[in-house]
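S.K.: Once you've looked at the hints, dock chain B against the given chain A.
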Amino acid sequence: DAKTTQPPSMDCAEGRAANLPCNHSTISGNEYVYWYRQIHSQGPQYIIHGLKNNETNEMASLIITEDRKSSTLILPHATLRDTAVYYCIVRVEYNQGGKLIFGQGTELSVKP
Amino acid sequence: DTGVSQDPRHKITKRGQNVTFRCDPISEHNRLYWYRQTLGQGPEFLTYFQNEAQLEKSRLLSDRFSAERPKGSFSTLEIQRTEQGDSAMYLCASSPPYDEAFFGQGTRLTVV
Chain A
0 DAKTTQPPSM
10 DCAEGRAANL
20 PCNHSTISGN
30 EYVYWYRQIH
40 SQGPQYIIHG
50 LKNNETNEMA
60 SLIITEDRKS
70 STLILPHATL
80 RDTAVYYCIV
90 RVEYNQGGKL
100 IFGQGTELSV
110 KP
Chain B
45 DTGVSQDPRH
55 KITKRGQNVT
65 FRCDPISEHN
75 RLYWYRQTLG
85 QGPEFLTYFQ
95 NEAQLEKSRL
105 LSDRFSAERP
115 KGSFSTLEIQ
125 RTEQGDSAMY
135 LCASSPPYDE
145 AFFGQGTRLT
155 VV
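Chains as they are written, first to last, in this note's numbering: chain A, 0 to 111; chain B, 45 to 156.
Calculated directly from the structure, the hints in this document are not laboratory data.
Relax, there's no trap hidden among the hints.
No more than 25 Å apart at the CA atoms, straight line, and that leaves these computed lysine to any residue pairs for SDA-like:
hint : chain 1 : residue 1 : chain 2 : residue 2
1    : B       : Lys101    : B       : Thr120
2    : A       : Lys51     : B       : Glu144
3    : B       : Lys101    : A       : Ile26
4    : A       : Lys2      : B       : Thr82
5    : A       : Lys51     : A       : Gln103
So that you can see chain B by itself, here it is in the shape it has in the complex:
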């Protein structure tokens, strides 16, 4: 088991384009979380899955954002019509129930 894997590690996109990030959690971790982190700030919670069910979404997750976890394994986070304010590190974490969460290395998005 190699830990939580995120792809790509870096993404540069033009404003208005759509982007999709992938997260592969640690196998058999049924909880999966997405966070966003801007420079100098702590990670901010975006959304949470238990198996394939998306159980909570932060108000930070605007209509342009959508996350899926179709088979309860990997997850994708899509941002439509990107804006410069979307530039951030997007972090994924996974955990078993009632245990510590393990984070991936993140995807750094730059919108130009």
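Here chain A stands alone, though its shape is the one from the complex:
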């Protein structure tokens, strides 16, 4: 079963920051937080992942709380092409072959 909870949907204005929350209160010490997104009719696309520290790449920033029970994915300047379903996943690296257990995700709609 998925170990994360996300809001089912969110709206964001084009050009504004999109902040997508995720709760993972049962996360273990060796489990990473991964974010993927899925644009309609395409395969999921990797965005970012982290263990404890905040992370940033060319696509997004990931903020993980100190107790690691929740995180926020930030898209700094959302565009219409960021409209997608965003999945927050807790992944065990060293067991279970690194498989991803998807939840329902958050459907982000970026509006003009």
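M.R.: Just chain B now, kept in the frame of chain A:
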């Protein structure tokens, strides 16, 4: 390297027929995963290979389903005696050890 490739992209079959899907992972990725996704749901894990060894199978993978990865490179997923409930998107992903997984575009199966 063109990413994870899946063939065919779409398949329509009559109930009771057998179908086979192919996945070509990113070269030198020793992990390969199969997922199934139905409308409005997140992808569900089916099975996982490390090189040619099938290390885990979900209980979702009934006896009618079989997956192979004969030489540790490409993989096939076969469904025998298809049922309408098998209609879904079948996704393949590959990864190196302890790194993010990359997904293909999927094969959409429709059983009529």
